[in-house]
Amino acid sequence: MERAVDALDGVRPDEVHVVRVFADADGAHGNELGIVLASARTDGREQEIAQALGFSETVFVDAVDAPGADPRGASIRILTPARELPFAGHPTVGTAWWLASRGVPVDHLRVPAGIVRVTRVGDEVRVTADPEW
1 MERAVDALDG
11 VRPDEVHVVR
21 VFADADGAHG
31 NELGIVLASA
41 RTDGREQEIA
51 QALGFSETVF
61 VDAVDAPGAD
71 PRGASIRILT
81 PARELPFAGH
91 PTVGTAWWLA
101 SRGVPVDHLR
111 VPAGIVRVTR
121 VGDEVRVTAD
131 PEW
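Quick note on numbering: the numbering used here labels position 46 of the sequence shown as 46, and the sequence is numbered without any gaps.
It is worth saying that the hints were derived from the structure and are not from the lab.
Glycine is no exception: its CB is placed at the ideal position from the N, C-alpha and C atoms.
Careful: at least some of the hints might be erroneous.
Okay, the calculated beta carbon distance ranges per label pair [said to hold, decoys possible]:
| id | residue 1 | residue 2 | range |
| --- | --- | --- | --- |
| 1 | V121 | D70 | 20 to 26 Å |
| 2 | P131 | Q47 | 26 to 32 Å |
| 3 | T119 | Q47 | 27 to 33 Å |
| 4 | A100 | W133 | 18 to 24 Å |
| 5 | P81 | D107 | 17 to 23 Å |
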């Protein structure tokens, strides 16, 4: 389930998305996740933006359609209002679902900790990460 948020200073509204991860079929329950399309407007401002959004985690997704981008994967950064995380499950599941819902069927995400494998089963996505993380 996705909802809109107000624009942040210098960041376009279409670059900021909010999804509810682990929601039921009616969109209830779950955890909200901020998803921001990384751009020149967000570069160097990730922590500021994560603080302004105020979610437990906000994900910054590098452009998946840029020249030379991996067509089956995406690089993401996960930030809390206080710091960057090397990996977190809720943000990777939410981001994988969000990308798939937009026709970007990734089979892996690159996070600072390493590669997270993504599997899509119907409308659901599953992620597999190194248990040492």
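T119 versus Q47 beta-carbon gap, inside 27 to 33 Å or not: Holds - the Cβ-Cβ distance for T119 and Q47, about 31 Å, lies within 27 to 33 Å.
Taking the CB of P81 and the CB of D107, does the distance hold inside 17 to 23 Å? violated (30 Å)
Within 18 to 24 Å: is that where the Cβ-Cβ distance between A100 and W133 falls? holds (22 Å)
Within 26 to 32 Å or not, the Cβ separation of P131 and Q47? holds (28 Å)
Between the beta carbons of V121 and D70, is the distance compatible with 20 to 26 Å? At roughly 22 Å between Cβ atoms, D70 and V121 fall inside 20 to 26 Å, so the hint holds.
Against the hints set out earlier in the document, a violation occurs for number 5 only.
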